[in-house]
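Participant: Heads up: the sequence lines are chains A and B, in that order. Numbering follows the working numbering, in which position 1 of the first sequence is assigned residue number 1; successive positions increment by one, without gaps. Numbering follows the working numbering, in which position 528 of the second sequence is assigned residue number 611; successive positions increment by one, without gaps.
Since the hints were made in silico from the structure, they are not lab data. Being a predicted model, the structure only gives us computed values, none of them experimental. Among the clues, some could well be false.
To be verified - For the chain A half of the interface with chain B, some residues (derived, Cβ under 7 Å), not all of them:
hint, residue
1, F48
2, H50
3, E61
4, V80
Note that CB positions come from ideal geometry on N, CA and C, so glycine has one too.
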Amino acid sequence: MNVHIRLAEPFWRSVGLRDLDLTLEPASRVDDLLVALRERYPRLSLEFDHTPPHVFIGDEEAEADSILEDGARVHLVWPVAGG
Amino acid sequence: MYGKVHFAAVGNRKVNFAVLKTYEVFLTFTSPIAIVNLSTGEIETTTTPDELIRAYLGGRGLNMAYLRHYLRAHGDPRNVDPLGPENPLIIGAGMLTGTISPNAARFNVSARSPESGILGDANCGGFFAAAMRKAGFDRLVILGRAEKPSYLLIEDGKISILSADGLWGTKSPEAQEQLKARHGSGTVSAVIGPSGENQVRMAGIMTGQKNTAGRGGMGAVMGSKNLKAIVARGGTAIEVAQKETLRALRLKQQESLKNAKVVQVLGRVGTPLLYEVSNRLGAIRTRNSQDNFFEDSLNAEEVEKFSDKMLACTSCVVHCRHRNTLGGEGPEYSTLVMLGSNVGIAATDQVILLNNLVNDLGLDASSTGTIVAWAMELYQRGLIDDSLTGGPLNWGDYETVRSLIEDIAYRRGFGNILAESTQAARYFPPEARDYLIAVKNLPQSDPHDVRYFKGFALGIAVASRGADHLRNRPTLEVFKLPDEVRAGIYGRVNDPDATGYKDKGLIVAYGDDIYAVADCMGMCRFVTRGFNSPHLLGYQEFCDLISASTGYDYTPESLREVGRRTLDTERLINADFGLTRADDTLPKRYFDEPMPARKTKGHHIDREQFQMMLDEYYAERGWDADGRVPPAKQAEIDALAEKC
Ligand code: SF4
Chain A
1 MNVHIRLAEP FWRSVGLRDL DLTLEPASRV DDLLVALRER YPRLSLEFDH
51 TPPHVFIGDE EAEADSILED GARVHLVWPV AGG
Chain B
84 MYGKVHFAAV GNRKVNFAVL KTYEVFLTFT SPIAIVNLST GEIETTTTPD
134 ELIRAYLGGR GLNMAYLRHY LRAHGDPRNV DPLGPENPLI IGAGMLTGTI
184 SPNAARFNVS ARSPESGILG DANCGGFFAA AMRKAGFDRL VILGRAEKPS
234 YLLIEDGKIS ILSADGLWGT KSPEAQEQLK ARHGSGTVSA VIGPSGENQV
284 RMAGIMTGQK NTAGRGGMGA VMGSKNLKAI VARGGTAIEV AQKETLRALR
334 LKQQESLKNA KVVQVLGRVG TPLLYEVSNR LGAIRTRNSQ DNFFEDSLNA
384 EEVEKFSDKM LACTSCVVHC RHRNTLGGEG PEYSTLVMLG SNVGIAATDQ
434 VILLNNLVND LGLDASSTGT IVAWAMELYQ RGLIDDSLTG GPLNWGDYET
484 VRSLIEDIAY RRGFGNILAE STQAARYFPP EARDYLIAVK NLPQSDPHDV
534 RYFKGFALGI AVASRGADHL RNRPTLEVFK LPDEVRAGIY GRVNDPDATG
584 YKDKGLIVAY GDDIYAVADC MGMCRFVTRG FNSPHLLGYQ EFCDLISAST
634 GYDYTPESLR EVGRRTLDTE RLINADFGLT RADDTLPKRY FDEPMPARKT
684 KGHHIDREQF QMMLDEYYAE RGWDADGRVP PAKQAEIDAL AEKC
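Let the hints inform the model, and build the full structure from the sequences given.
Facilitator: Structural data, given as structure tokens:
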């Protein structure tokens with residue numbers, strides 16, 4: 001299945017892309033997606049080590065075990081909210 | 084224990100330098116202060132009593148001590164007209180401002196606010212405060228009103244009152260350029276723009292293109308005194324107690340700060356970083372908080388396309404400020420939202436142009452964006468019409484917003500009404516107040532719709548100057564920190580549910596105290612622990628910097644006590660203005676209207692639970708159930724006030 005991923009600041013800088021698509025096994029979970037991203041983009045993996053992303057599927061915040069559906073739109077954002 | 088006292092001439096006055104016996108280092112921090120009476124032309128110079136320095140350090144804390152003193156000198160502070168000559172305007176540098184301590188750039192400007200009618204206090208960065216200290220003064224208390232437009236020149240420990248002929252009427256950047264031409268390129272000024280001259284209640288004081296002492300209308304107070312500018316010139320290095328120790332601390336702390344991810348990211352894209360995160364959540368103030376998300380066109384990388392450089396304040400290791408290619412500096416996240424989504428404008432270039440406009444005119448972007456959006460909603464709802472506004476006020480109409488901002492600054496037409504900020508309510512039907520996003524008559528400072536994170540809501544409800552995130556925002560709520568880490572920061576285990584109501588008094592009180600201490604020291608929020616990261620400088624690092632810079636020794640606990648005392652003093656000032664527990668509240672919309680979309684959908688503030696948060700907060704602060712400072716604390720603060 002295909003998943004569309006949008007990387008927020010600063011994650012996208014280590015990939016050079018704001019948006020990318022990944023093909024995953026059916027019924028993959030959010031943690032599978034993060035593992036796949038880590039494998040493909042080692043610099044992004046370092047960013048995740050430093051600051052684990054908040055993961056949104058559509059408008060909903062997802063947990064590590066949330067199941068992804070084909071065509072899911074995933075947004076990985078940095079946890080910050082100052083002002 | 085302090086030993087022999089030396090006297091040395093600094094400018095036209097004597098300053099005592101005591102030698103700390105144990106370490107044989109100079110205790111140089113005497114905090115020179117000038118009391119300038121613009122009505123009589125008299126200028127008195129003195130130093131700050133040691134007890135006051137120990138109790139409040141400098142910056143915001145000492146300003147509060149002096150503000151309370153001068154307001155009370157008139158009997159009932161409620162009789163002080165915020166735009167009258169009797170309102171003291173106090174400009175105070177942080178204790179470490181101008182030293183090489185990281186991000187020690189800031190000063191506070193305090194007075195009775197013409198916008199809110201209560202405690203007015205604005206914090207500002209840039210280069211002015213360091214220059215003021217190097218020119219000989221840590222604090223100015225400006226009283227009276229000059230007969231004609233004037234400005235102050237501070238150089239080498241002397242102050243002159245000069246004519247502002249040729250300056251009055253200029254925008255902020257032009258005024259600063261003219262002053263450089265008159266007094267030399269090394270001159271640094273704090274000025275008002277046309278909005279301050281016209282006593283617009285949300286006018287700030289500007290230094291550089293964008294640094295603004297923005298909150299509470301301090302620019303209007305300056306304008307009411309016929310004071311266009313304060314110019315600092317002078318190159319006396321600020322003496323520190325232990326130069327080498329301070330240098331070593333700076334290097335060590337700089338290294339650790341540069342390793343903090345938030346510092347790296349702020350240095351690359353500035354605060355616009357926050358827009359996408361809040362927007363994804365559905366926590367962006369949009370169309371006066373009728374909506375809670377907006378266009379992606381205001382994301383950080385869109386702003387970056389208009390940025391050619393990142394700039395910094397004195398001694399900063401972060402460099403968070405954009406120089407934009409449209410003729411100004413910024414925008415910050417706050418400005419992006421207040422002059423973007425909050426008024427329905429999505430075009431990045433238009434928002435940046437509005438940012439530059441408010442800076443040139445010397446307006447507080449937060450209040451301006453809130454008040455314009457409020458008027459737009461009133462128009463949308465038919466509560467006001469063309470007969471008052473002079474024409475349509477439609478969301479997203481750049482040209483209307485641009486001309487309205489100019490009209491506010493020059494008090495023309497409907498702009499003259501909005502120039503009254505929250506007090507414009509008297510021109511509108513009574514239900515207009517239901518749509519005003521303000522607390523204690525101060526428009527909300529920041530872009531975050533606080534209905535989701537309950538600690539954010541409590542924070543703006545209790546902030547001493549009115550709705551403001553920089554007084555106490557518990558930003559660590561966003562991180563899913565382990566219990567033991569939270570307990571280490573806040574002092575005990577606390578409920579990690581950021582959307583719940585429990586333990587929010589604890590975390591807001593923590594923010595209150597450490598941010599107040601940072602303001603007293605002159606340190607920027609972006610290096611202060613708790614603001615966007617748990618890895619920044621905390622009480623122990625602050626103690627080390629104070630000791631090396633001034634010779635004063637604190638423990639983390641005694642330093643936190645300075646924060647508590649500052650908060651207590653502010654509470655007492657507001658009590659003098661008649662504020663009570665009932666004023667620690669939120670805009671009606673935040674209670675009664677659930678957030679409309681995205682992850683935050685359905686969230687609002689429950690009135691009963693809100694009262695429970697207030698109870699807990701007052702208990703954390705050691706205040707009584709009505710939010711009053713206990714008599715013993717008041718007696719201690721009253722005794723300190725005798726020293727002012
Ligand atoms: S982080 Fe930004 S606001 Fe703070 S001192 Fe540096 S440039 Fe100034």
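Participant: Run every hint past the structure and note whether it holds.
Facilitator: Evaluated hints:
{"no.": "1", "hint": "F48", "result": "12 Å, violated"}
{"no.": "2", "hint": "H50", "result": "6 Å, holds"}
{"no.": "3", "hint": "E61", "result": "5 Å, holds"}
{"no.": "4", "hint": "V80", "result": "5 Å, holds"}
The structure shown violates just one earlier hint, number 1.
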